[in-house]
Amino acid sequence: MHYNDFGHWIRQQFPYRVQKLSVDAGFNCPNRDGRISTGGCVYCNNKTFNPSYCDRSKSITAQLTEGKTFFARKYPTMKYLAYFQAFTNTYDSLDKLKEKYEEALSVEDIVGLVIGTRPDCMSDELLDYLEDLNRRVFVLVEYGIESTNDATLRRINRGHDFACTKRIVEKTSERGILCGGHIIMGLPGEKREDIIRQAPVISSLPLNILKIHQMQIIRDTPLAQQYLSDPTICQLCDVDEYIRLIGDYLPYLRKDLILERFVSQSPKALLIAPQWGLKNHEFTDRLNKYLAEHHIFQGERP
Numbered sequence: 524m525h526y527n528d529f530g531h532w533i534r535q536q537f538p539y540r541v542q543k544l545s546v547d548a549g550f551n552c553p554n555r556d557g558r559i560s561t562g563g564c565v566y567c568n569n570k571t572f573n574p575s576y577c578d579r580s581k582s583i584t585a586q587l588t589e590g591k592t593f594f595a596r597k598y599p600t601m602k603y604l605a606y607f608q609a610f611t612n613t614y615d616s617l618d619k620l621k622e623k624y625e626e627a628l629s630v631e632d633i634v635g636l637v638i639g640t641r642p643d644c645m646s647d648e649l650l651d652y653l654e655d656l657n658r659r660v661f662v663l664v665e666y667g668i669e670s671t672n673d674a675t676l677r678r679i680n681r682g683h684d685f686a687c688t689k690r691i692v693e694k695t696s697e698r699g700i701l702c703g704g705h706i707i708m709g710l711p712g713e714k715r716e717d718i719i720r721q722a723p724v725i726s727s728l729p730l731n732i733l734k735i736h737q738m739q740i741i742r743d744t745p746l747a748q749q750y751l752s753d754p755t756i757c758q759l760c761d762v763d764e765y766i767r768l769i770g771d772y773l774p775y776l777r778k779d780l781i782l783e784r785f786v787s788q789s790p791k792a793l794l795i796a797p798q799w800g801l802k803n804h805e806f807t808d809r810l811n812k813y814l815a816e817h818h819i820f821q822g823e824r825p
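Sequential numbering of the sequence shown, starting at 524, is according to this note's numbering.
The hints are all genuine.
Have a look at the derived ranges for each label pair, beta carbon to beta carbon:
| # | residue 1 | residue 2 | range |
| --- | --- | --- | --- |
| 1 | L801 | F529 | 17 to 27 Å |
| 2 | G557 | E622 | 18 to 28 Å |
| 3 | P599 | R658 | 22 to 32 Å |
Calculated from the structure, these hints are not laboratory results. Computed from a predicted structure; not experimentally measured. Don't be surprised by glycine CBs; every beta carbon is placed ideally from N, CA and C.
Full structure from sequences and hints, please.
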């Protein structure tokens with residue numbers, strides 16, 4: 524393998540097949556409700572995250588049950604991870620968070636949690652609870668890092684700096700909790716060399732898992748308005764340019780870092796650019812072909 528693939532890794536963690544089931548548990552975000560800001564991150568439209576069975580008007584149990592039905596037709600023996608994905612899934616009181624997580628775990632065939640959140644929305648008390656929970660079920664916390672560049676984080680209205688990310692990733696790792704990170708390649712103001720420079724910085728964090736995806740311009744976001752006025756605000760890649768970027772980035776990531784994905788596919792109705800017209804597996808096939816042809820391997824550069 525040219526990189527440490529998540530699919531291979533997750534199959535080693537369980538004696539059965541597992542699938543993430545997204546949940547919209549009705550959370551908000553401090554970048555939207557006024558605690559930090561009201562505009563949100565400039566690129567964010569949460570409608571891009573939720574599959575059809577996710578509906579915050581339904582209970583967590585109902586959403587997971589519908590999600591199971593969707594997948595069980597093809598894989599009747601499958602087990603599931605409840606994926607708290609929409610908005611900031613640690614942004615509530617500890618009691619309410621426990622209630623939501625425990626409801627998910629009470630659903631039959633749910634064998635763990637994946638919790639997506641921001642680095643500035645994790646308390647020591649919640650880490651105490653998750654550390655204990657991790658002793659009995661699978662727990663993975665995913666932090667939106669987005670960039671290691673503070674100027675970029677300010678420009679996208681992220682509401683925290685990279686020092687915040689570094690601090691909470693280290694604290695999470697110290698508890699023995701699996702820790703994931705998410706970055707976006709091609710954010711406003713970032714050039715190719717800026718993106719490559721962040722790879723060893725990401726590798727220096729005690730992350731277990733990394734998600735990467737291309738910059739996308741999504742309808743009904745502040746960035747969409749900026750982009751339609753000035754398309755040069757982002758250096759969007761075509762498919763081949765992005766694959767070459769991944770090829771240059773990958774060697775600087777440490778070998779044991781698990782790579783969950785390289786690309787995101789937003790709903791057609793919401794995506795303004797770039798319009799690649801590829802399914803995720805088609806992109807992965809092209810990437811793997813490029814890596815093989817150019818003999819590129821994760822972690823081959825110090």
